[in-house]
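Read off the chains here:
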Amino acid sequence: MSFFTEFPEMPNEAFREMKKGIDAGYKDFAREWGDTIDAIFDPLLSMLVFFEDLLIATPWPIFMVVLLALTYWGSRSIKLVIMTFLAFVFIGYFKMWEETMSTIAIILTSVIMAVAIGLPTGIAMSRSDRTQSIVTPILDIMQTMPPFVYLIPIVMLMGIGKIPGLIAVVIYAIPPLIRLTNLGIREVDQEALEAADAFGATKRQKLFQVQLPLALPTIFAGINQTIMMALAMVIIASMIGVKGLGQPVLQSIYNQYFTKGVLYGLAIVIVAIVFDRVSQSYGQRIQKHRSGRLV
Amino acid sequence: MSEAKIKIKNLYKIFGKNPTDAMEQVKNGVGKDELLEKHNHVLGLKDISLDIHAKSIQVVMGLSGSGKSTLIRHINRLIEPTDGSVTVDGDEVLKMNEEELRNFRRSKTAMVFQRFALLPHKTVLQNTIFGLHIQNISEEEAKKSALRWIERVGLSGYEDKYPQHLSGGMQQRVGLARALTNDGDILLMDEAFSALDPLIRKDMQDILLELQDELHKTVVFITHDLDEALKLGDRIAILKDGIMDQEGIPADILLNPQTQYVKDFVEDVNRARVIKAKHIMSDLNGQDLNGAMPINQDEFIDRFIDKVISEKPENLVIQDKDNNNVGFLSTKRLSEILKR
Numbered sequence: 001m002s003f004f005t006e007f008p009e010m011p012n013e014a015f016r017e018m019k020k021g022i023d024a025g026y027k028d029f030a031r032e033w034g035d036t037i038d039a040i041f042d043p044l045l046s047m048l049v050f051f052e053d054l055l056i057a058t059p060w061p062i063f064m065v066v067l068l069a070l071t072y073w074g075s076r077s078i079k080l081v082i083m084t085f086l087a088f089v090f091i092g093y094f095k096m097w098e099e100t101m102s103t104i105a106i107i108l109t110s111v112i113m114a115v116a117i118g119l120p121t122g123i124a125m126s127r128s129d130r131t132q133s134i135v136t137p138i139l140d141i142m143q144t145m146p147p148f149v150y151l152i153p154i155v156m157l158m159g160i161g162k163i164p165g166l167i168a169v170v171i172y173a174i175p176p177l178i179r180l181t182n183l184g185i186r187e188v189d190q191e192a193l194e195a196a197d198a199f200g201a202t203k204r205q206k207l208f209q210v211q212l213p214l215a216l217p218t219i220f221a222g223i224n225q226t227i228m229m230a231l232a233m234v235i236i237a238s239m240i241g242v243k244g245l246g247q248p249v250l251q252s253i254y255n256q257y258f259t260k261g262v263l264y265g266l267a268i269v270i271v272a273i274v275f276d277r278v279s280q281s282y283g284q285r286i287q288k289h290r291s292g293r294l295v
Numbered sequence: 001m002s003e004a005k006i007k008i009k010n011l012y013k014i015f016g017k018n019p020t021d022a023m024e025q026v027k028n029g030v031g032k033d034e035l036l037e038k039h040n041h042v043l044g045l046k047d048i049s050l051d052i053h054a055k056s057i058q059v060v061m062g063l064s065g066s067g068k069s070t071l072i073r074h075i076n077r078l079i080e081p082t083d084g085s086v087t088v089d090g091d092e093v094l095k096m097n098e099e100e101l102r103n104f105r106r107s108k109t110a111m112v113f114q115r116f117a118l119l120p121h122k123t124v125l126q127n128t129i130f131g132l133h134i135q136n137i138s139e140e141e142a143k144k145s146a147l148r149w150i151e152r153v154g155l156s157g158y159e160d161k162y163p164q165h166l167s168g169g170m171q172q173r174v175g176l177a178r179a180l181t182n183d184g185d186i187l188l189m190d191e192a193f194s195a196l197d198p199l200i201r202k203d204m205q206d207i208l209l210e211l212q213d214e215l216h217k218t219v220v221f222i223t224h225d226l227d228e229a230l231k232l233g234d235r236i237a238i239l240k241d242g243i244m245d246q247e248g249i250p251a252d253i254l255l256n257p258q259t260q261y262v263k264d265f266v267e268d269v270n271r272a273r274v275i276k277a278k279h280i281m282s283d284l285n286g287q288d289l290n291g292a293m294p295i296n297q298d299e300f301i302d303r304f305i306d307k308v309i310s311e312k313p314e315n316l317v318i319q320d321k322d323n324n325n326v327g328f329l330s331t332k333r334l335s336e337i338l339k340r
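Protein chains in written order, with my numbering: chain A, 1 to 295; chain B, 1 to 340.
Please keep in mind that the hints were generated in silico from the structure rather than gathered at the bench. Just so you know, these numbers come straight off a predicted model, no measurement behind them. There could be a bad hint or two in this list.
Said to hold, decoys possible - Distance windows between CB atoms, simulated:
1) S128/A with G31/B: 34 to 42 Å
2) K144/B with P43/A: 57 to 65 Å
3) K79/A with D225/B: 49 to 57 Å
4) D21/B with E187/A: 33 to 41 Å
5) K263/B with E187/A: 43 to 51 Å
6) S128/A with D89/B: 30 to 38 Å
7) K79/A with K144/B: 40 to 48 Å
8) E187/A with S335/B: 58 to 66 Å
As the list claims (entries may be wrong) - For lysine-lysine, the following BS3-like pairs were computed, each having C-alpha atoms within a straight-line distance of at most 30 Å:
9) K161/B with K79/A
10) K206/A with K95/B
11) K95/A with K79/A
12) K203/A with K161/B
13) K32/B with K203/A
14) K203/A with K7/B
15) K263/B with K231/B
16) K17/B with K203/A
17) K203/A with K95/B
18) K307/B with K231/B
19) K206/A with K144/B
20) K144/B with K202/B
21) K143/B with K206/A
22) K203/A with K143/B
23) K7/B with K17/B
24) K32/B with K17/B
25) K7/B with K95/B
26) K206/A with K17/B
27) K122/B with K206/A
28) K143/B with K161/B
29) K206/A with K161/B
30) K203/A with K144/B
31) K231/B with K202/B
Cβ coordinates follow ideal geometry from the N, Cα and C atoms, glycine included.
All chains, please: the whole structure from these sequences, using the hints.
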């Protein structure tokens, strides 16, 4: 009768043994390989530290001028430049400058990583249905698994610090870029591809001269998503030692500092909006041939 | 007529999971509808043989679904056939490996597409250059040749515009310039003018004929429009449901349609504008040429009919361009042909 009221569960003893076994196995692996893996990620750490030091060491007026110039170059919009200026005045005036620089550094590094890994993966996925059927479920897991869960093995392996945080951010932020790269390339007009074939283009020429340029708007939407998600993840990653705007927010939660929490929260929103608007308007601007008007 | 430039022999194309088995069925006489219904395969082409002569315009005509676009894609092997052979200048296209095929496409053929198939992120000039660009020909040389063809199709001044900024007719001029810049002997035109307005289509037809007078390419032109076929074609092949119904010179198809399908097609055509004197003349055979009106053999009927009506000769004598008598035509026969 108990068969119907209680689900036939794994015996407690065996279950405990299983968990212990897996944990012990992973711990052994972490102990053995932790240093090697740390070493592999060393260049990444150097890059991150370099960006961070550079941004923090740069005098604020110079940073501001460079940022505004980049904003203008990207968007060609004076309105956006003024908005960016006011946003960073807010950040600086309320004593959040240094944390913001740290956050921008990690966003920069993780987006570079995400593009370096995500773009080739998306291209590979678009070229073979097999690869697509293998990668898609992995992306599903990456997007639905709560980030806290995969923070555990990363911390076990590499301890607390910048690199594990960076890896967590990349895992969280990379799926949209991969998906949209794949989608963008698959959606390229078949006739354009046929024309390239008919004129004797090689696979490589088709990829670089037809598929990637035509998929660019979609890929750019993916990069934009990746930036936004990286920003969201930076807060969670602060729990494992990533410096920046996330840590004060975390402190505020523990200590119920209302004003501090809101200010740093706003700073994150500001950085997100600025990055989003600038990258989007840049994405649109490089598509000038699309703004169709008959002559 | 010159030798066959492109020889298509016993070409079969069946779309589906197991085309080889389905082809046996087709060879045993299973038709398109039955094949689809019972075997779930689509009959693309059935036993097509066609010799396309160098320096001529071969039109392939048929309604949608007749397999005409499938056929043209076999010539540069954008589609793999199920069975058969395609040779160009004696080389078997279907036996080429990847690199040979690429070189063949680069050097011998160029294609113009129904919906233009231009690259939207490239300018008119960059699109025109595309064929040469991917062959790594020096930028300067490629540009020189591209600019010449851009001018030739009447697009000078638009070199730096993007395709989206051009009208359909102009876009297809770019498509034509791109194909001509590639400078292959063979020009494959897949319903190239079908997406254009009637007036612009006529313009483009005239441009093509004018260019052909000068360039003497081997043109394979796909269309569903009989008027276009008759205007452009040196020869016309008519496809129906993947089967070649009839092939011949335009006048022959008009005067002797071999199937009901072709008959229906040609019923409403104005014959006077399509048939030339030489198509309907009979041998001289010692006919009495006294009082016969001389007519050039390459004149269309509608060019000399007024003269016939006003002068009312009994007979016409057909002459070549050096005024040698080559044939004979009675006005009675002429009126029969026009009445039918």
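Structure-based check of each hint:
1. S128/A with G31/B: 34 to 42 Å: 37 Å, holds
2. K144/B with P43/A: 57 to 65 Å: Violated, since K144/B and P43/A (Cβ atoms, about 47 Å apart) do not stay within the stated range.
3. K79/A with D225/B: 49 to 57 Å: Holds, at about 52 Å.
4. D21/B with E187/A: 33 to 41 Å: 34 Å, holds
5. K263/B with E187/A: 43 to 51 Å: 45 Å, holds
6. S128/A with D89/B: 30 to 38 Å: 36 Å, holds
7. K79/A with K144/B: 40 to 48 Å: 45 Å, holds
8. E187/A with S335/B: 58 to 66 Å: 60 Å, holds
9. K161/B with K79/A: 29 Å, holds
10. K206/A with K95/B: Measuring from Cα to Cα gives roughly 23 Å; hence the hint holds.
11. K95/A with K79/A: The given pair, whose Cα atoms are some 25 Å apart, holds under the 30 Å limit.
12. K203/A with K161/B: Holds - the C-alpha atoms of K161/B and K203/A are around 27 Å apart, at most 30 Å.
13. K32/B with K203/A: It is violated: about 35 Å lies between the C-alpha atoms, which goes past 30 Å.
14. K203/A with K7/B: The hint holds at about 29 Å.
15. K263/B with K231/B: Given pair K263/B, K231/B holds - Cα atoms ~18 Å apart, limit 30 Å.
16. K17/B with K203/A: Measuring from Cα to Cα gives roughly 26 Å; hence the hint holds.
17. K203/A with K95/B: OK: K203/A and K95/B at ~20 Å, within 30 Å.
18. K307/B with K231/B: Holds: K307/B and K231/B sit about 23 Å apart, inside 30 Å.
19. K206/A with K144/B: Holds. K206/A to K144/B sits at ~24 Å (cutoff 30 Å).
20. K144/B with K202/B: Since the Cα atoms of K144/B and K202/B sit roughly 28 Å apart, the hinted pair holds (cutoff 30 Å).
21. K143/B with K206/A: Roughly 21 Å between the alpha carbons, so the hint for K143/B and K206/A holds.
22. K203/A with K143/B: 24 Å, holds
23. K7/B with K17/B: Given that 30 Å is the threshold and the Cα spacing comes to 28 Å, the pair holds.
24. K32/B with K17/B: OK: K32/B and K17/B at ~16 Å, within 30 Å.
25. K7/B with K95/B: 14 Å, holds
26. K206/A with K17/B: Within the cut-off at roughly 27 Å; holds.
27. K122/B with K206/A: 14 Å, holds
28. K143/B with K161/B: Holds, at roughly 15 Å.
29. K206/A with K161/B: Since the Cα atoms of K206/A and K161/B sit roughly 22 Å apart, the hinted pair holds (cutoff 30 Å).
30. K203/A with K144/B: 27 Å, holds
31. K231/B with K202/B: Holds. K231/B to K202/B sits at ~10 Å (cutoff 30 Å).
Hint compliance for this structure: hints 2, 13 are not met, and every other hint is.
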